[in-house]
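Chain B: place on chain A using the hints.
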Amino acid sequence: MRDVAVVGFAQSRFVRQDLELNEVEMLMPVIHDALDRSGIPQKEIGFTVSGSCDYLAGQPFAFVMALDAVGAWPPIRESHVEMDGAWALYEAWVRLQCGDVDSALVYSFGKSSLGDIRDVMTLQLDPYYVAPLWPDTVAVAALQARALLDAGVCTERDMAAVAVRSRRDAKSNPSAQVTGDFYVEALLAEPYIASPLRTHDCPPISDGAAAVVLAAGDLARRVCKRPAWITGIDHRIEPHGLGVRDLTASASTRLAGQRAGVAQGKVDVAELHAQFTHEEFILREALGLHLDAGVRVNPSGGPLAANAVMVAGLARIGEAAQRIIDGNADRAVAHATSGPCLQQNLVGVLEARS
Amino acid sequence: MAESYGVVSRRIRLDYTYTTGAASTRFLKGILQKKLLGQRCPECRKVYVPPRGSCPTCGVATRDEVEVKDTGTVTTFCIVNIPFPGMAVKPPFAAASVLLDGADIAIFHLLQEVPVEDVRMGLRVQAVWVPDAELEPTLESIRYFKPTGEPDAPYDTYKDHL
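Residue numbers (my numbering), protein chains in the order written: chain A, 51 to 404; chain B, 12 to 173.
Honestly, I wouldn't trust all of these hints.
[As the list claims (entries may be wrong)] Some chain B residues well away from chain A (every beta-carbon gap over 10 Å; in silico):
hint, residue
1, V77
2, S108
3, Y169
[Claimed, not checked] What the simulated footprint calls covered on chain A by chain B, stretch by stretch (three residues with Cβ under 8 Å from a Cβ of chain B suffice, anywhere in the stretch; the number is not a length):
hint, stretch
4, 113-127
5, 167-175
[To be verified] What follows is a list of derived Cβ distance ranges for each label pair:
hint, chain 1, residue 1, chain 2, residue 2, range
6, A, Y178, B, K45, 48 to 54 Å
7, A, E240, B, V18, 43 to 49 Å
8, A, K221, B, W140, 51 to 57 Å
9, B, L43, A, A301, 56 to 62 Å
10, A, P110, B, H172, 25 to 31 Å
11, A, P124, B, R22, 43 to 49 Å
12, B, L43, A, K221, 39 to 45 Å
13, B, R154, A, G293, 53 to 59 Å
14, B, T149, A, P110, 17 to 23 Å
15, B, L150, A, K275, 47 to 53 Å
Source of the hints: derived by calculation from the structure; they are not laboratory data. Being a predicted model, the structure only gives us computed values, none of them experimental. Where is the CB? At the ideal position from N, CA and C, for every residue including glycine.
Chain A with its partners taken away, still in its complex shape (with noise of 0.2 Å):
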């Protein structure tokens, strides 16, 4: 296998509605930011690849703008997911193993604020069973919540403990949306949006773009000082029928971080694509993270501070070799999902040497 690292990792501010700027001028500063970090020159880059959703623009193709932000021509060898920009990365780092290439420039970019992001997900259910109920995308989250409160995996106190953290480390995070002290009892008085949910428990709506540079091998170790390297990644999935799994535990997450080699050594940090504070608990089980085990979980603030569907699995393994390129951490995990209640996981390792 080719070593692949993390070189460059930029992303835009994070806001809850973005009047002024459509996609490709949201998303041409986060490119150029995240090549100037890598210091690869834009048209040095081998392969070019996007994850992005059509249906957070209302538009059929809406990834094809956006390639007026990456400066197509001479003609590049480029790729798109409909999927979160960390599947876009996996595809990106499965291309680099061919070895004809040792680049890549992977961005991710959406406006959740253009339609009712909770009905517009509810399209990815079940269309003849479910989708027809309208269950948004709360409602869904809530269930799974229900039955880790039932099977005594945590309490709604602890949840809020989940939001009042990601919150205030959210401090530190520029990007971040959702920021600032917090307290247990406070968010507890709070009303339910879909029991046992509370407003705290669920992530923002954003706006918002990440990019991500990928290099292997001598380029990377020429490029940056601290390469992130990616020393295992591996998606799993599980079928997306709500009663045919157990909600209270996450398979593929088990599964995947087994693969990726997350147990192989200690994990400084985990950048954790929890969108809804119970989730947390799920994950930190299912990759063997346990609170005692000294690990910063989401120092970032998480998607609980910043959520931009399609952009925050991305941002995560941003987040994770930040803090690797930056020196603050030796090894981390990174983790993404797409998919109703954790459905489909996909899990990395990054390291300090290769």
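Structure of chain B alone, referenced to chain A:
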């Protein structure tokens, strides 16, 4: 024996509020003043109309605003013969790529006041605007393009814009 099958109609509706973005907003506001505004790329110097805020070949932001004329050259065209629902103009009619004077890429619009068999590459055309009171921030504020009566533009003047 034929079986009867049930049919279920399930309506899906999603509403979106589109953000045109900074560059397109400038362009559409310019239309209200009957101005056609493009943007020039700082690297390749090409002028894009309508502007997108970026140069698709260089991948850099375009900030310099350039006003282009509402006259131009037909670089290519097609004659539509088949009617389809919602079509405002009766076929046969010509739709054309018009390279506005000052722009480096063509816009797409309708040609009228010219027999379709006379439409040709190089034809010089000018915009016919709606009355001032009907101006809206849309390219439909130009009803169509019609011939100016000038001699055809030489091929060399538009061969790099095909």
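Comparing the hints with the structure gives:
1. V77: holds, 18 Å
2. S108: holds, 19 Å
3. Y169: holds, 20 Å
4. 113-127: holds (count 8)
5. 167-175: holds (count 3)
6. Y178/A / K45/B: 48 to 54 Å: holds, 53 Å
7. E240/A / V18/B: 43 to 49 Å: With a Cβ separation near 45 Å, E240/A and V18/B satisfy 43 to 49 Å, so the hint holds.
8. K221/A / W140/B: 51 to 57 Å: holds, 53 Å
9. L43/B / A301/A: 56 to 62 Å: holds, 58 Å
10. P110/A / H172/B: 25 to 31 Å: holds, 27 Å
11. P124/A / R22/B: 43 to 49 Å: Distance hint for P124/A, R22/B holds at roughly 46 Å.
12. L43/B / K221/A: 39 to 45 Å: For K221/A against L43/B, whose Cβ atoms are near 44 Å apart, the range 39 to 45 Å holds.
13. R154/B / G293/A: 53 to 59 Å: Holds: the Cβ-Cβ distance is about 58 Å, inside 53 to 59 Å.
14. T149/B / P110/A: 17 to 23 Å: The hint (17 to 23 Å, Cβ to Cβ) holds, given that T149/B and P110/A are roughly 21 Å apart.
15. L150/B / K275/A: 47 to 53 Å: Between L150/B and K275/A, where Cβ atoms are some 51 Å apart, the hint holds.
The earlier numbered hints are all upheld by this structure, with none contradicted.
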